[in-house]
Structures are given as C-alpha cells and as structure tokens.
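Colleague: Listed below, chain by chain, are the residues.
Number of protein chains: 2
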Amino acid sequence: MREVAIIGIGQTSVEEHWETSLRDLAAQAIAQALNDAGREKVDGLFIGNMMSGILSHQESLGALIADWSGMLGAEAFKVEAACGSGGAAIHMAVMAIASGYMDSAIAMGVEKMTETTMPETTAALATAADADFESDHGVSFVGLNALVMQRYLYEYKWKHTDFGAFSINAHGNAMGNPNARLHDRISDQDYRKSRMIADPINLLDASPTGDGAAALVLVPLDSLRGNGKPRIVIAASTAATDSIAVHDRQDGLWLAAANASAIKAYGQAGIQPEDLDLFELHDAFSIMAVLSLEACGFAERGQGPRLGLEGEIGPHGRIPIATRGGLKARGHPVGATGVYQVLEIVQQLRCEAGENQIEDARIGMAQNIGGSGSNILTHILKIV
Amino acid sequence: MREVAIIGIGQTSVEEHWETSLRDLAAQAIAQALNDAGREKVDGLFIGNMMSGILSHQESLGALIADWSGMLGAEAFKVEAACGSGGAAIHMAVMAIASGYMDSAIAMGVEKMTETTMPETTAALATAADADFESDHGVSFVGLNALVMQRYLYEYKWKHTDFGAFSINAHGNAMGNPNARLHDRISDQDYRKSRMIADPINLLDASPTGDGAAALVLVPLDSLRGNGKPRIVIAASTAATDSIAVHDRQDGLWLAAANASAIKAYGQAGIQPEDLDLFELHDAFSIMAVLSLEACGFAERGQGPRLGLEGEIGPHGRIPIATRGGLKARGHPVGATGVYQVLEIVQQLRCEAGENQIEDARIGMAQNIGGSGSNILTHILKIV
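For the record, the sequence lines run as chains A and B.
In terms of our numbering, the first sequence is residues 1141 to 1524.
In terms of our numbering, the second sequence is residues 1141 to 1524.
Don't take each hint at face value.
Said to hold, decoys possible - Here are the simulated lysine to any residue pairs, SDA-like style, with alpha carbons at most 25 angstroms apart: (1) A:LYS1181 to B:HIS1387; (2) A:LYS1297 to A:ASP1330; (3) B:LYS1404 to A:LYS1333; (4) B:LYS1404 to A:ARG1179; (5) A:LYS1333 to A:PRO1348.
To be verified - Across the chosen pairs, the derived CB separations fall in these ranges: (6) B:GLU1260 to A:TRP1158: 25 to 35 angstroms; (7) B:MET1336 to A:ASP1391: 55 to 65 angstroms; (8) A:LEU1449 to B:GLU1180: 42 to 52 angstroms; (9) B:GLY1451 to A:GLU1180: 45 to 55 angstroms.
Unchecked claim - Covered stretches of chain A (chain B as the covering partner; in silico rule of three or more C-beta atoms under 8 angstroms from a C-beta of chain B): (10) 1204 to 1212; (11) 1261 to 1275; (12) 1280 to 1293; (13) 1509 to 1516.
These are computed hints drawn from the structure, not numbers from a lab.
Ideal Cβ positions, reconstructed from N, Cα and C, are used throughout, including at glycine.
With the hints as extra help, turn the sequences into a complete structure.
Modeller: Shown next as structure tokens:
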C-alpha cells in the first residue's frame, strides 16, 4: 500500500456566491490547488457533494467538473455521504492512489446552498436523515440535533449555557481566516441572548450554510523528491457507519461510528489522542462538537462541555479545535466541509495559518460527520 | 496491486416494485450476493445510485443500506456518475480492495424510478445532462439521444430501420432472463410500426425505466483457495470522461471517453477486442449500442449498424451483446445498470446463463455509460 501525500490545496471563501455557479466554484478551488501543487492535471477527481441534484438540477458532477477545470478525459466521480461527502471523497482518492490505479488525484468538495429558498435548502438537507422514518414525518435536521441536545442536558445535568465556549472559540478563530463565512467575534452574553431555533439549539449553536469549494492534490509519497519543504502525509484514512435514524441507536448520546472511526485512525497512524496538536471536528451544532470530543477520547462520556469551560479547546489549550473557525464560523457548505477541514490542517502543518497558527503543529486530525452521526470519516495528517 | 475476484452475485428483478422500498430492494440484492458468496458481511459497501435524493428524498444511502442489510458499522458510500453510477461503484470497490484498505467489499447499484410520475422521473434523469446549457433549456435525455441519432443517419446515410436488429436481439435474449423487465419477443415489423418518441427514436429504440438492485461481492484473488470452482477476476477496471454537453464535443458521433476507457481496459487485461466472448454494452438507445461498438473497436466509424444487419451481435455472432436482454429489455434502473451488466457476465462465465448461455464464455466486457457518453466505466472479467 503506497503512502499518500498532500501537495496542493485550494479553496473559495464560504459565503453567498451569487455571481459564481457550482461548476465555477469547483473550478476555482481546483485551479488554486493545482497551482499550489505546481501541476497542470491529475489522473482522477473525487467530488464530494450532497445536494447538487436537488438544488442545482445537476448530477454527473464528475464529468462536468473534470471538463470545466481543464481535465477533459480524466476519471471523475461524485461521492456522497451526506455531510460527510467531502471526507468520503478524500478517502476514495487515498484508496485510488494507494492501490496504484492512479498516480495523482484531486479530492474536492463543493456545495451551492444559498441560491435556493431556505425551505428548499432545509428540505434538501433533510435527505441526510431517514426519509421513511424521520424526515417524512416533519423533523428537520436541526430538529434532530435539538432532540439529541435536549436529552444530553437532561441525562448529564448540564445547562445550555455551558456550551457557549464552543461557539465563542469558533467565532474567535474565524476572525483570522479570510475564507470564513462569519467574521464577528461573539461574547458569552451574545450566546445567551441568541434567539432559539429548535429548543435548546439557538442560532449561535448552529453552523451557517454557505456556498463553497475546497480541493486537495494527492500523490504517492514516494513520488516526491526532497526539496526542503515539509512533506505532509495522510497517516490515517478511515470510515464507519451507524444507523441513519437517531432513534434506531441503542444510545442516542454516543457517536459509535465516530468512536470506531477514530480508534481505527489512531491505529493506522500509530498515535494516541494526546499526540494530536489540533482536531478539526464537525461542529455543525455545539452538541456535535461535544459528542465528537467524547467519541474520540478527549473527554469522558457526559463530560465534553468541561473542555470548553476549562479553556482546553482554544489555540493554546490541550486540544485546539475549529482552529480556522470550524463549521460554526468558517461555515458548513455541506459536501465541501470535510475537505475544508483537511485543508485547514495542511495550512497548520505548513505554518500557513497566519494568526490562527498552532505552535509546533505536526499532527492533526479531521473528523467529518455525515447525518446525525451516521457516516464518519476520520483523517490524520502528519509531517514526515 | 492485489487482483480482485468476484465471489457472489445477487439481483432483484427489474420491474415496477410497488411493494418494495429503495432500501428493501438494495437489501434483497445484497442478501442474495452474500449468500452466494457464503459470507455474512464485508468491510465496505459502494452504492451506485443517481436519483435517490430527488425521487425518494433520501441521500446518505451508504449508512442506510449498510444498516438495513445487517452490516451496521461497515464503511459505506454512495457513488454517482449518472447512468454510469453502478460501474463507478464497482471501480471504487476494486480500488479499495486492490489498495489493501479493504479485504472484502460489496459493489452494488440500486434505483427506484417508477414510484414518481413520468415527468418527475424524466426531469430527474435530465440532471445527467448539462443543467445550465442543455436540460434547463428544455431538452430531455431522449431528446439529446435523438439529436445524435438524427445526425448519425444523415452523416452515414443509414435508414432508421437499419437499427432494428439491436432491439430485436435484446428482446429475444430477455426471454431467457427471469429478472428482465420486458418479456415480449419483437419482430422487425413491430420495430417499424413502433410509435415515435423523439424523432428518429421510437419506443423500441429506447430502454425502459424500472426499479431494481444488483450486487457483487468482491475479495482479493489471493484470499481464495482452490475449491474446483472457476475463479472470476476483474482483469480491467477503467474510467474516462468526456464533456457533459453533447454540443461541446468536437465530434458528437464519436464516444471519445468510451474509446479511451476501452483501450485502457484492453491494455490492463492484455487482450484485444476479438478475444472477447461477449460484450454487455450500454444500449440505453439503439444509437448508443452502435456508437459503443464503434468506440470499442468492433466496427469502423459509421459502420456499427452493419453488425446488427449481418447477425454478428446475436448469441452465436462474432460479438454477442445484451446477452440477457441488455438495457433495452432487461431494463435500465439507472444507477444499478452497470452492476447488472457485470453480474450478467459473471453468470455467463459461470455457465449459469440458462438458455442465454454463450458457449465457452471465458472473457467478457461490460461498458457502462453515464450521460450521453460523458462518464464511461469499462470492466473486463475473465476466468483464471
């Protein structure tokens, strides 16, 4: 099995791109990544995307984006795993290169969510839930997360206000990321006063939608000659699934697949959680940040909020998270999110994270969560 | 790179499955494939599907189907390449096993198309075309193929009636396939009298939609011990893309990606076209059967219809095609089609094709075409 290195990254800002189509967003991120890698093309493209068929009436993104980005003829596919689509695209690209079927690949994600009305986009997002047993009965995606958070508060005796640190940290970090969706520092007071969306989730618990694209150029590590630059390898690429409906789980407060995927990733990379210098987690809602930290071994069950309250998640904390804003403030262009996460770790390992730079960052983990914890992709990157 | 063998196959019939949901169709095909392979589970699932989000309000098919088929926890993803989704799922599964990331996988396809109204399904199918430059201007998928066929007739001076042999052969072969959508033998007279759909494509030029699922169990060849049974390996797994919009091509009558994918496949397998004992091609429309035969080296450009007229495509011909009915009569449950094609080659190589059995079949090729020739997957199977 060949080791896989990341040699190029590219991204658009996450915002309402009224003037830029789905294909143009993708092409912009790819052009930037190829330029960063010093290449003109790759053997194959893996496109993470969830909702293009519903929201843009466009499937067959593989062929479309290969052509639109100047790589007519290259192998190209769309990969879908709900909000985990970006991570899944990376996983596929890693396997393609590790197998020897490809000598170079682009793993990318793209999503266009703000051109449609909010009810349309909300309905499209609900296709990540169980159509027959969840969404068709009227529960939205934020509603599902609210049920989980409500139960968590009840079961472990936390107050809603104990979750504020996650959003405050994310918004603070996004100030240093020019590509972030939100650039407004928030206070604990702001968090407490924020309007309710689906009790107990308020506006500042939830990540914003957005249009965006991010891309990575992957090659076999052994194809790189030493040129003095740090070489960044994908030390682990893992996945696991759980039931798609939250009510089907034995324990709705435990992300079993996130746990399984993380344990497998630690094994592949040969590290322990405490070896990580940063963790780009999937804070689509603050409750998901907490559950992800617990599943990945950073807190005992029911104790995740403590990491926020004790300042362990900030840039100088024990496990820095959402270092460039996370889903909460960089934004959550669904199928692209998993690629943004890995891209941001590359920035940290390259010391290109500007005022967000984590000191001496050498190993980072990204965990991308599809659905309410149903499809999990975990990647660990390190410098070699 | 590890060689990959197919050790299990499963399928549902292709029809209007009013009593069976998308997830149940998938689970039935998987159960049958696992049973055939003598296994209870696999490491990962690759689900080819194009339209579940639009037509069934259900994305995240990976997690859903893994759970529903008793493999909670397994890696699982949806792969989309328009009508080439099934072939793309197989390609991903091959790379996953070849790389060593997985020691077993299911490659499957599933599509549910007949529960929605015909305008809804037609609109969903049109997402395989270029949304901005083709489908949003009103051209349907059959319309696009009609433009291509019209030009072909003009350019190479064939009459529409010269295409009848392709449909007659497919319908005839489907008589021996209990899982086929259509079981009605047709005559040249029927073909001539068939009603026009989009000039010059008539009803008997076009493949029928349908609900269906097909699954394959894949393992590394070196994990199999000799048990006397023939071992079937995937000798080639290739892909290539072309522009998604037909008008963007230099030559609208040449499937450049099909040609590239086939040439690469012949190279991987170390064979020539004449070594093939059968060819499951993508006869979504009779014009596509002709263009596919030309692109893969079985006829000179513009001479494809001759193979039909001279009886070369039948079970005893030079290159038997659509041996179990093809898209035309087995049916075309879009995202599943590419898996049905490969499954049917396995049946032939195992001598399990009943009255459709091709004598001494040892090498077969399947070519799955996404869009109007924009995303092509080619697989060559052989007995070792």
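Colleague: With reference to the structure, classify each hint as holding or not holding.
Modeller: Structure-based check of each hint:
For a cut-off of 25 angstroms, the pair hint linking A:LYS1181 to B:HIS1387 stands: about 24 angstroms separates their Cα positions. Between A:LYS1297 and A:ASP1330 the alpha-carbon distance is near 23 angstroms, which keeps this suggested pair within the 25 angstroms criterion. Note on B:LYS1404 and A:LYS1333: the hinted pairing is violated, with a Cα-Cα distance of about 61 angstroms set against a maximum of 25 angstroms. At most 25 angstroms may separate the alpha-carbon atoms for a hinted pair to count; B:LYS1404 and A:ARG1179 meet this at roughly 23 angstroms.
A hinted pair counts as satisfied when its Cα atoms are at most 25 angstroms apart, and A:LYS1333 with A:PRO1348 qualifies at roughly 18 angstroms. About 28 angstroms separates the C-beta atoms of B:GLU1260 and A:TRP1158, a value consistent with the hinted range of 25 to 35 angstroms. A hinted range of 55 to 65 angstroms holds for the C-beta pair B:MET1336 and A:ASP1391, which are about 59 angstroms apart. In this structure, A:LEU1449 and B:GLU1180 meet the distance hint of 42 to 52 angstroms, their C-beta atoms being roughly 45 angstroms apart.
At about 48 angstroms, the CB distance of B:GLY1451 to A:GLU1180 agrees with the hint of 45 to 55 angstroms. Interface restraint, the segment 1204 to 1212 of chain A with chain B: holds (4 residues with C-beta to C-beta distance below 8 angstroms; minimum three). Coverage of the segment 1261 to 1275 of chain A by chain B holds [criterion: at least 3 residues with CB-CB distance below 8 angstroms; count 10]. Counting residues of the segment 1280 to 1293 of chain A whose CB lies closer than 8 angstroms to any CB of chain B gives 0, so the stated coverage by that chain is violated, three being the minimum.
Closer than 8 angstroms: that is the beta-carbon criterion, and the segment 1509 to 1516 of chain A has 4 residues meeting it against chain B, so the requirement of 3 holds.
The structure does not agree with the numbered hints 3, 12 stated previously, though it agrees with the rest.
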